[in-house]
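Colleague: Sequence:
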Amino acid sequence: MFSCKSKYSRYILVVTLVSFFLVLGGCKNLFGKKDIETDEKPAKQTVKQEKKAVQKAEKKSAEKPEKPEKKPAKKSKKEDANQTEIEADKQPEKTPVKAEAPKAEVPAEAFPDDGYIRLVINESKGCFSLYYLADPQTMRYEPLFNPNDSSASFMSVIVDGEVYKLGSSSQFKSRIEREKKDMALIFESSFLKVTQLFSPVRTTSSQMANGVKITISVKNTGTERSFVGVKMLLDTDLGERRGGTPIFTNTQLVKSELLIDGHSSERYWISRGKKISLMGSIVNPVRTYGKSPDYVHIANWKRLRDASWMLPYSKGRSFNNLPYSVGDSAVCYFFGPQMIDRNRIVTYTVFLTTEDTAWYNRAEQPIVIDNLTAAIVSDTTSKPAATPAPQTRTQTKREELIINIPAIEAQAQREAAITGENADAIVLLKLQEILNQFVEGKIFLKENDLLEIDRTIEKYRIRN
Numbered sequence: 001m002f003s004c005k006s007k008y009s010r011y012i013l014v015v016t017l018v019s020f021f022l023v024l025g026g027c028k029n030l031f032g033k034k035d036i037e038t039d040e041k042p043a044k045q046t047v048k049q050e051k052k053a054v055q056k057a058e059k060k061s062a063e064k065p066e067k068p069e070k071k072p073a074k075k076s077k078k079e080d081a082n083q084t085e086i087e088a089d090k091q092p093e094k095t096p097v098k099a100e101a102p103k104a105e106v107p108a109e110a111f112p113d114d115g116y117i118r119l120v121i122n123e124s125k126g127c128f129s130l131y132y133l134a135d136p137q138t139m140r141y142e143p144l145f146n147p148n149d150s151s152a153s154f155m156s157v158i159v160d161g162e163v164y165k166l167g168s169s170s171q172f173k174s175r176i177e178r179e180k181k182d183m184a185l186i187f188e189s190s191f192l193k194v195t196q197l198f199s200p201v202r203t204t205s206s207q208m209a210n211g212v213k214i215t216i217s218v219k220n221t222g223t224e225r226s227f228v229g230v231k232m233l234l235d236t237d238l239g240e241r242r243g244g245t246p247i248f249t250n251t252q253l254v255k256s257e258l259l260i261d262g263h264s265s266e267r268y269w270i271s272r273g274k275k276i277s278l279m280g281s282i283v284n285p286v287r288t289y290g291k292s293p294d295y296v297h298i299a300n301w302k303r304l305r306d307a308s309w310m311l312p313y314s315k316g317r318s319f320n321n322l323p324y325s326v327g328d329s330a331v332c333y334f335f336g337p338q339m340i341d342r343n344r345i346v347t348y349t350v351f352l353t354t355e356d357t358a359w360y361n362r363a364e365q366p367i368v369i370d371n372l373t374a375a376i377v378s379d380t381t382s383k384p385a386a387t388p389a390p391q392t393r394t395q396t397k398r399e400e401l402i403i404n405i406p407a408i409e410a411q412a413q414r415e416a417a418i419t420g421e422n423a424d425a426i427v428l429l430k431l432q433e434i435l436n437q438f439v440e441g442k443i444f445l446k447e448n449d450l451l452e453i454d455r456t457i458e459k460y461r462i463r464n
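When the letters of the sequence shown are read in order and numbered with the numbering used here, they come out as residues 1 to 464.
Calculated directly from the structure, the hints in this document are not laboratory data.
Incorrect hints may have been included.
Derived DEER-like restraints, expressed as beta-carbon distance ranges [said to hold, decoys possible]:
1. Asn343 <-> Gly244: 46 to 52 Å
2. Ala425 <-> Glu179: 44 to 50 Å
3. Ser205 <-> Arg140: 17 to 23 Å
4. Ser308 <-> Asn361: 33 to 39 Å
Cβ atoms here follow ideal geometry from the backbone N, Cα and C, with glycine treated the same way.
My request is simple: use the sequences and hints to build the entire structure.
Modeller: Okay, structure coming up:
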């Protein structure tokens with residue numbers, strides 16, 4: 001291929017060829033090394049990048065909460081109903097949890113294990129019901145008075161001429177308290193606290209408790225003395241359901257309206273049904289610290305309910321009040337009104353049991369107290385003199401009297417209910433009598449009392 005004419009030229013040629021091959025081999029090694037380095041470097045970089053990406057992702061997941069799953073697309077009502085039925089079939093049945101009823105709507109029960117009687121108190125309505133165990137085998141209880149509407153029987157109070165129906169008046173808040181076997185329904189305002197305490201009672205003819213003793217306590221929590229009375233209405237119906245005489249007393253059959261004086265010979269009343277009867281006390285059958293009622297009015301329930309306080313007595317009137325109420329009798333207790341000093345308590349008592357006439361007949365008749373002087377309250381009592389002396393104007397100052405107009409008006413209402421006379425006329429006569437005694441020097445009146453009497457007389461004259 002080449003022509004080498006001299007030795008020297010051949011030597012140069014050999015050296016040149018060797019150099020050429022050496023250079024060519026070095027280039028191959030160089031390019032091969034580069035290729036390796038080029039192939040390995042991206043691999044190393046990829047691993048590092050993956051590690052960094054993983055660390056970065058872990059850091060982000062720790063810092064940020066997972067995104068909520070997307071809500072499924074809305075289904076049609078039919079598909080939703082089918083899905084609900086399928087899920088309900090798959091899921092096990094759960095025991096239903098009863099929702100707790102409001103406190104005001106839950107009646108409280110007492111005495112269920114103490115005998116034949118069951119007391120149910122409705123705190124929100126401020127009323128109670130009584131039931132008797134008529135059939136012990138089936139545990140069937142029968143109501144002793146109107147079961148259809150427990151609020152048909154209620155209590156009211158009159159405070160200085162203002163009437164408040166307990167259980168519905170916004171002035172009084174009601175609550176229930178328990179004390180051993182007894183239960184109390186309490187009505188409280190800023191000026192008065194009325195407690196109705198129920199205690200189980202067993203009469204002579206019964207082996208277990210067959211009634212309750214109701215102790216009504218009235219406390220004056222106001223800043224001044226007040227003239228306070230209590231009224232308790234019971235919607236009796238056993239006699240009417242039987243279809244006979246609605247009510248009996250120990251001396252008569254009550255077929256029409258009757259007003260009973262608490263100091264009369266009447267001891268009790270009975271609402272007699274076919275199998276059970278309800279008895280109520282007029283005179284307390286046992287010795288107790290509570291006072292008996294001043295009056296017990298038996299009349300049509302609606303007329304007694306609608307009367308602001310004491311219903312004017314209509315002797316012999318039927319138990320009808322057409323067209324709303326027919327043959328509907330009721331018994332209404334009246335206590336007072338009487339003066340209650342600040343922070344003082346007055347207590348009244350009523351017994352309600354099943355029939356046991358022998359137990360009620362043993363009651364002692366109360367001492368008759370003259371109520372005609374209740375309207376005038378003496379602040380001081382004069383000591384008796386050693387020797388009689390003529391009464392002078394100076395001596396009568398020790399018998400200083402306080403005139404209570406609401407007391408006079410309430411007393412006039414009671415007298416008018418009994419006699420049928422005009423209550424306003426009775427008030428005027430009483431005030432005139434007080435003025436006459438003052439003029440004659442028999443009593444001493446303050447100037448404020450004289451002004452109050454004058455304003456009251458003028459008010460009643462304008463009214464009439």
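Colleague: Given the hint of 17 to 23 Å, check if Ser205 and Arg140 actually sit that far apart at their C-beta atoms.
Modeller: holds (21 Å)
Colleague: Just tell me: holds or violated, for the beta carbon distance of Ala425 and Glu179 against 44 to 50 Å?
Modeller: holds (48 Å)
Colleague: Take the C-beta atom of Asn343 and the C-beta atom of Gly244, compute their distance, and say whether it sits inside 46 to 52 Å.
Modeller: Given about 49 Å between the Cβ atoms, the range holds.
Colleague: For the pair Ser308 and Asn361, does the Cβ-Cβ distance stay inside 33 to 39 Å?
Modeller: About 35 Å separates the Cβ atoms of Ser308 and Asn361, which means 33 to 39 Å holds.
Violated hints are absent here; each numbered hint is respected by the structure.
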